[in-house]
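Here are the chains, one letter per residue:
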Amino acid sequence: MNALVGLLRKEMLHIVRDRRTLAVLILLPIVQVVLFGYSIRTDIKDVRLAIVDPTPDATTLALRARFAATGTFRTVSVLANTSALETLFQTDAAQVAIVFGPRFGEAIGRGEAAQLLVITDATEPNSGVARENYVSAVVQSFAADLPPHRGDIRIDTRIRSRFNPTRASANLFVPGLMAMVLTIVSALMTALSLTREKETGTMEALLVSPLRPWQIIVGKVAPYVVISFASVIAVLAEARLIFGVPIQGSITLLLAEGLLFILVSLALGILISARTSSQRVAMMGAMLGTMLPTQMLSGFVFPIESMPRALQIVSYIVPARWFVTIARGIMLEGVGLTYLWRETLVLAVMAAVLLAASVRSFDIRLD
Amino acid sequence: MGRTLALARAEVLHVVRDKATLVQLIVVPLLQLLVLANAATFAIRRSPIYVVDMDRSSASRAITNRLAASQYFSLVGYSSSPGDANEAMLRGRVSLTLTMPHDFEQSLVREHRGTVHLDVNSEKGSAASIVQGYAIQILNQYAAELGAEIQPRDTRTGRIETVVRDWYNPTLDYRQYMVPGILVALVTIIGTLVTAQNIAREKEMGTLEQLNVTPITKSEFIAAKLMPFWVLALVDLACGLLVGYFVFGISMHGSLVLLFFAAGLYLVAALGIGLWISTLVETQQQAMFVTFFVLMIYLLMSGLFTPIDSMPGWVQLASELNPVRHFVTISRAILVKGAGLSEIVRPLGILAVYGVVVLTLAVRQYDKRSA
Amino acid sequence: MTELAIDAKELTRTFGSFTAVDHITFDVHAGEVFGFLGANGAGKTTAIRMLTGLLRPSSGSARVAGYDVATESESIKQVIGYMSQRFSLYDDLSVRENIELYGGIYDIPRAELRQRVSDVLTQLHLENAEKELVRSIPLGWKQKLAFSVALLHNPKLVFLDEPTSGVDPVTRRQFWELIYEAAHRGTTVLVTTHYMDEAEYCDRISIMVAGKIEALGTPADLKRQAGVSSVDDLFVALARSA
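Chains as they are written, first to last, in our numbering: chain A, 2 to 368; chain X, 236 to 606; chain V, 13 to 254.
Keep in mind the hints are simulated off the structure, nothing from the lab.
Glycine included, C-beta positions come from ideal geometry on N, C-alpha and C.
Mixed in with the good hints, there may be bad ones.
As the list claims (entries may be wrong) - Examples of chain A residues lying across from chain X (beta carbon under 10 Å, computed):
1) Val25
2) Ala81
3) Ser307
Unchecked claim - Chain V residues, not near chain X, derived (Cβ > 10 Å throughout):
4) Thr24
5) Gly65
6) Ser73
7) Ser96
8) Tyr114
9) Glu142
10) Gly152
11) Pro181
12) Ser241
Looking at chain A on its own, in the form it has when it is part of the complex:
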């Protein structure tokens, strides 16, 4: 046991001595929360509106005033015809245009259909659709004040937002970010530190020592478990303080699930290091094998149900996918194991299989 303690001490010293890497390990999660918090947003605000009103009259002015009053729209340009619209859209000066049909107010007064054309920049489809919805809402509320006609049927929709009533983006990404940080610290750093021992030849010294393979593994990875755990707590605290992200469910359960995910990531890191001999290759392997899938296929940023079937199937073997579901469940929905046992079981099986494989990969190198 003394040997194991010695190894642990050595590993801690490595980490503490290498100031630069330690700084990256500590700063990275903290900076990432801020970065993601401010950048991964799709809220619609301050929409740049262009108005084409060939024949202004009381009605069009009233509708224009409605847009101005919402606070969502900012009128950037009022034109008499559509010829300049293209340039406004191409330079991004305008995002939405409403084009009044000729003699708009007159038409309504005569009891006819007045034409209104709504043009959106749909380059980014969701923003485009969302802006359309805002425009439609304004036009509808305006039209509701016009004399009603008899055939109209209305369906009122009572909406209840569940789990994230403010629809803040931060609530969405923090669970995913935890997975991301854990992957970087656990998988990447473990892979790098093990490969470094191979590169410098010190691994051989360890292997000929009386230490058992599992002891070497424990000694190498235990410090990273501690750092990973600290990072998770830092991310949660920061998310709470800066962005007010809630934890509805049990924090103990969340941390326990985090530990499970850490084990999976560590095992992946060990496996990567077993297959590679240089830090460069290990880094590439860790990036392609763990970080990229975590980022793209975990549902962290992009919804899985929108992906092609093949990618959805691939996402089932990405551990982060399961962890993100669990973390969202606990943090936002406040549910417990009753609802999350399936995902937990999948992670547990992954952890068992990968850990067994990683210890084995170590044994093989011994002879």
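Please arrange chains X and V on chain A, whose structure you already have, making use of the hints.
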């Protein structure tokens, strides 16, 4: 010039000799493009919906059918009591529950008014709003058609007829938006990472010292290091565009010449940043870490995946200093919107200034002599 | 009075509190083969790095080929060649490509370069290996190639930092023949070594101990003054007294 060419030629030979690098530079980005273009989508498709139909009327079934037929939804549950629906939502299986009360149809026919309940799982933030919007669209459309059926419209009543046009991306295809962005990201990552490692590698190998005792000037040196990767990145861009066009059917409305001209300017800045990093660090590993960090900030704050307009004001201001943001803007403006030179003059100018500043910094930072 | 190729006065370099080169003063005459001797860590490489303009001196001055190392290091680089301790040609380029690369960097006109490439290949008996990647040729050949590349632009002065370390005696012998050939053509040679037998081949030598030059002169003079029979003995005597 002769010196620069001699060194640049050697640089090309390094790349060509190392098959692994070549694969990393050409094949990996193309594979990434193929995967990312499919994965990087915020499109709402087959969003799981649960319908609680307490009415069991022709109206409620018609609405259910419309939802089920829509590409935006997939009907995962249909029952007449709310218990199962609630359970499904807690399990995270559905993003939307539509509840139609038992007097729904009756009230529609008699009072021309009906009320439904929509429970939205809003974990996914603004995506939830979009899903909700689609559901309301379907409900409204049904209401309008039902109205026309029950009682032909009285043409004597004034009303507003709204026509909606989605410019530049009428099919609301996310790939039209994402592929130009992904191309920028890939070209940036490859170019910056390779150049950042380059000088650090020569430092590690000891070959830099041999160059430092030669009369080669600092600008000649930086130029020689820049040129091969500049060409390579443009080749990557060209390959990516071909894949985008033939595999994903990406529209190319603007001038490709203009795009490549802008890319040329942008790459001077992007690769210059890589070289600058390379002159600052001692080892390849440090170069990798620093580049990774810088790129993460640049890419996240570039409007690549999420619109700049949604970010807080101070972030928007700060992002003016981000060359990636400007090139993302330019490439989308040219490819998707068909913009010409006069529409992209501002971001193009910023990129040009940026390139000059970064190159000057890199040349000044690179010292043939240690202090 | 012959022209001085190197004229160093009180040249000093410190790294923090460590003084790597401690006020060394020496000169090297044009056309001379000058041996720069010392144990590992005595400060030879640091001194050479200052003279070649790779490292700024902390104090003192030196002129190389008439140029000041502190202010005119780029002019120095036009007229010197340098072969560093670490093999510093490109592994993944062929023999010919490496020569052509440095020919280009030193702005040797194309026609002349072609001639010199073939001269070097003949001289080193590498005609059949010109397309081989440098990583695949033996160490001795690599060293000779590095030497020829350092001389490619006919420098007035060439710095050789431990050129023969790690090569077999036969190759060492050949290497010194190359050095003499260069000296014969008028190139001044400053060579560091820790093989004391090689010191006997030099016109004059200096012996550095712990950053200082402890002995300077012809091998014969130095041996006579110290009353020893070989440079090796002289060196051991100096190292002990330090």
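Evaluation of the provided hints:
1. Against a cut-off of 10 Å between C-beta atoms, the interface hint on Val25 of chain A holds, since the closest Cβ of chain X lies about 6 Å away.
2. A hinted interface residue such as Ala81 of chain A counts as satisfied when its beta carbon comes closer than 10 Å to some beta carbon of chain X; here the least separation is about 19 Å, so the hint is violated.
3. A hinted interface residue such as Ser307 of chain A counts as satisfied when its beta carbon comes closer than 10 Å to some beta carbon of chain X; here the least separation is about 5 Å, so the hint holds.
4. Its beta-carbon lying about 15 Å from the closest one in chain X, Thr24 of chain V satisfies the requirement of being farther than 10 Å from that chain.
5. A beta-carbon of chain X is positioned within 10 Å of the beta-carbon of Gly65 of chain V; the least distance is around 6 Å.
6. Listed as a non-interface residue, Ser73 of chain V keeps its Cβ farther than 10 Å from every Cβ of chain X; the least gap is roughly 16 Å.
7. With 10 Å as the threshold on Cβ separation, the claim that Ser96 of chain V sits away from chain X is violated: the shortest Cβ distance comes to roughly 5 Å.
8. Not every CB of chain X is more than 10 Å from the CB of Tyr114 of chain V (nearest about 7 Å), against its label as outside the interface.
9. In this structure Glu142 of chain V is separated from chain X by more than 10 Å, as the shortest Cβ-Cβ distance comes to about 14 Å.
10. Distance to chain X confirms Gly152 of chain V as a non-interface residue, since its nearest Cβ pair spans about 19 Å, more than 10 Å.
11. For Pro181 of chain V, the condition that its CB be more than 10 Å from all CB atoms of chain X holds, with the nearest at approximately 26 Å.
12. The Cβ of Ser241 of chain V sits about 38 Å from the closest Cβ of chain X, beyond the 10 Å cut-off, so the non-interface label holds.
Checked against the numbered hints above, the structure breaks hints 2, 5, 7, 8 and satisfies the rest.
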